[in-house]
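Visitor: Make the full structure from the sequences, and use the hints.
There are 2 protein chains.
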Amino acid sequence: MSELPLSARDVEFLLYELLDVERLCEHPRFGEHGRESFDAMLGTARRIAEERFLPYHRKADEEGVKLVDGKVTPIPETKAAYDAAAEAGFLAAHHDEAVGGLQLPWVVTQAAFAHFKAGSVQLFSYHFLTIAAANMLATFGSEEQKALYLPRMLDGRFTGTMALTEPQAGSGLADLSTKATPSGDGSYRIKGAKIFTSCAEHELSENIIHMVLGRIEGAPQGTKGISLFLVPRYRLDRGGEPGEPNDVVMTGMLEKMGWHGNTSSPVNFGENDDCLGWLIGEPHRGLFYMFSMMNEARIGIGLGGAVLACCGYSASLAYARERPQGRLPSNKDPDSPPVAIVEHADIKRMLLAQKAYAEGSLALVLYAASLVDEQKTAPDAAARKRAGLLLDVLTPIVKSYPAEYGTLANSHAVQVLGGYGYTKDFPVEQYLRDNRLNAIHEGTTGIQALDLLGRKVGMEDGAAFTALATAIEDTIEEARGDNALGAMAGELADALECVKETTWALLAAKDGGEIDLALANATLYLDTLGQVVIAWTWLRQAVVAAARATGASGKNANFYAGKLQACRYIFRWELPKTGQQCALLAGLDATTLEMQDEWF
Amino acid sequence: MSELPLSARDVEFLLYELLDVERLCEHPRFGEHGRESFDAMLGTARRIAEERFLPYHRKADEEGVKLVDGKVTPIPETKAAYDAAAEAGFLAAHHDEAVGGLQLPWVVTQAAFAHFKAGSVQLFSYHFLTIAAANMLATFGSEEQKALYLPRMLDGRFTGTMALTEPQAGSGLADLSTKATPSGDGSYRIKGAKIFTSCAEHELSENIIHMVLGRIEGAPQGTKGISLFLVPRYRLDRGGEPGEPNDVVMTGMLEKMGWHGNTSSPVNFGENDDCLGWLIGEPHRGLFYMFSMMNEARIGIGLGGAVLACCGYSASLAYARERPQGRLPSNKDPDSPPVAIVEHADIKRMLLAQKAYAEGSLALVLYAASLVDEQKTAPDAAARKRAGLLLDVLTPIVKSYPAEYGTLANSHAVQVLGGYGYTKDFPVEQYLRDNRLNAIHEGTTGIQALDLLGRKVGMEDGAAFTALATAIEDTIEEARGDNALGAMAGELADALECVKETTWALLAAKDGGEIDLALANATLYLDTLGQVVIAWTWLRQAVVAAARATGASGKNANFYAGKLQACRYIFRWELPKTGQQCALLAGLDATTLEMQDEWF
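As you go down the protein sequences, you meet chains A and B in turn.
Using my numbering, the letters of the first sequence correspond one by one to residues 61 to 660.
Using my numbering, the letters of the second sequence correspond one by one to residues 61 to 660.
In this list, chains with the same sequence are indistinguishable; a pair is considered to hold if it fits within one copy or across any two.
Below, computed lysine-lysine pairings styled on DSS-like, alpha-carbon distance capped at 25 Å:
no., residue 1, residue 2
1, Lys392, Lys239
2, Lys284, Lys392
3, Lys126, Lys484
4, Lys570, Lys392
5, Lys484, Lys119
Since the hints were derived computationally from the structure, they do not count as laboratory data.
Guide: This is the structure:
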């Protein structure tokens, strides 16, 4: 059995040494838990991931999903993987004990999911969507809806999907046109076409519960007229069991660059005017509900980007240690034996960059997940409020940095292996193809950028941005006194100051009515603030590593030395880029905005 | 029939307005040629590319190469594409009339090949390798060898391959171990295993001529003991026709991330001790011969990277113009119709970046190709020498910038299409997968970087680097007087000064014995000098565009406005990055070098 390409030591460091998640157990909700139960869950996840996911990731990619006797059929091992994680309780892990959940902190469930994703993001997508749909239902569904559907979604009998995107609208949710007409009995007749709905059709579960955005007849135009519906594949009979089909049809199979292990497809709801949906919450509040769950969902995507980066790092490091080739430039003796390529500076660069992007992303994602817990369970209202603000402003970065830099990390992994990396004899090219999706689904990087600059940094008079700046400043203060870290603390302070001034300049331009100009370079802004946030995330890790390195020996000493060197890499190679980027942003550069269609 | 995704207007601009290739016809070698014959060849290439290549690029990717009755079989359209380009004379285009060639300038043949590559890089790889092998033979082969093989390689009856890489050696050619033992009759018995040999086995041609690097028994270790052999798949009989098989066996089919239309595979020479090869040139000079042809070969890879970037740009632009979605941030009226996404600033950014990378790469590649012609035919020795120096120092950049930034451009193309870009319903994801190889084959980016910093910039006391700096300064002087371009000229002068100082600092460190440290960040140096070279390439285009924009109207005016805006993009968004990069380089940053294996 192959070892999972995700460092158990790093997960341990992040959860217990950096984030101190045991602290969460002081809250009554998590009072039954402690390191022992956390470790047990993580160990179970690792074991299932190694047994049921990892061995089939390549197979899922190679064989894809087939139509067999008219049925949408993933590779058979998908079902075993699905069931194993469901039976071990992972679908219900963070839910209340009252509904059969384990009341695990969200951050611990995410750390567990990291293992499944390292096994196979493709196979885990069925769980991922079920968890997202169940979350939505648990938070906004009526008691009756919850009673009917939730227990079965938590035990794995029913899977779920999110059916938002429409062929004509894409990222422009305001233009959604799926219609909902009251049927008279409290339900709605749903009619519309969705696209890129993942896991919309299969036989892994007894029923598939679609969370569908649509418009009730007569609803306002735009985003204020969108409602959320629960639309099952099979209607429930009186006993609550799946009965009649509900006129939901997957109408095609899209061939994709990666993720062949599941479908992402067009789906017709109500092709024969016989699709019933049930309104979740109040009319016209669908987008609000969807966005309320967005932080969690987007953390999940960020986790995928981070984990795939970790996997590529792990695979390319193993290769670099075993592959002898060439000599150091200073050695011109052809009789000397070749060195392992891990000794070459350029290979070290690509490995170190991967480590910095991958572990930095994972640290950021798990920190954000811990904010989800803080937001709900921190002891005082101010701390809960602060956690919510941090989460709001960080989410676009948590979603996009791991996607963008994780994909770059995967490209480095391919490059470390050279020609071999381009072949399917090694897993790295698949990680690259899989990761490329993460900058697209659940809101593209460009959409994240508009969310960040157009909404988050200015919200509540800049309260979220200020909360972030304050948190960063706290780390700077902590690190300033340290001999090894003081210089980096100063560099981060400078970069933060620069990004602050840039932020206020952009917000001022926006408030002054220059909306299109102020937002024109939003993606560059997202990247810039992202670099600062990642540098901060690394400095936080370095503070812990520096303290623990004293007196550490052997593997532990090496582990902390690696953390410190990756932090140095980020500060030497990456963070300085923000200076030029801030200059471009603060100067309201109009180069792209002024480009005309006919000039292309 | 679909239109070729390569702008005819841009090719025309580059050849005739920027590079003034008609000027080459003053040399007797090209005296029969002129714009008319050039245009005729380009037109023929475009027609064949549209008819025989483009329609089958996706099919080649989807169906790949199969084993049919033990024969290695690409899709059947491969043969038609191969024959059409061969019959139109493209395999012989730059060769002497005496051997059936057309004596076209190299730069014009490369522009023609751009069309085939835009049709399908995969299908064109058979021609590409045949041309490379024939070049080697024409330059270094004996008269007898040429008489036997060359005419058939130029008319398409024989194809060729380059068999350099070995499984255990990869980029480390010094360690290659294929053996050559004199057989007594002037030939050698060849024995060894190669890997990643492209197009090594198929039935498209009557014979396959492998150019094989190997070691004659008793030869020195390292790179000084390598010889070059001509090894046919079938030995020629007395009549010069393919006869007995020559014990060359393709031993496997590698599944790859892209380029499924041809094989890149392990090949055994002399498994049964019955493989004969003929020495090309003198013993132990193989690597010298190979490197002598390297500039041309690497320009060819750069061309592939540039053209694939152009293709993705073209496809994503067409999509962006047709796809309505969303509204400008300043427009909050949900009743207004959605705009075409080409109107969104972030889409413009991704299109403009693609244009800047793709057209900048193509301009650079064709300029380098024109240096190949200048090197051979410039009127005076000093000009020929200068062209050779420029070519030497530029080749690592010409090979790697289009590969790296072209792949980034293709990633932008995917992003412009969003979820659709990730599917196989559009061509952009295939361009991305295909282009990802270009940073690997024919010397990885890291190898290019060592070639540039470890060899090229320091050669002949920095003569090549100085020739490049002087050429850049000439353009700066030209642009300084122009109102619109003066500021950019100044910025380029500053960046050039910075990279000059950095270069001398690195060379001084190297000369001072700090070899490993000076070369540790070679890849960053390659990128930095590459950015300066691309900015220069854009300023050169802008000088021409600015002059011609005066009085231009309609499509032409738009074309020149686009060139100027893309140039501005490079100067605002890309060139400023070199400042921080130079600081890192000149400071001899040791972050990556000091990273230890056990810290990863």
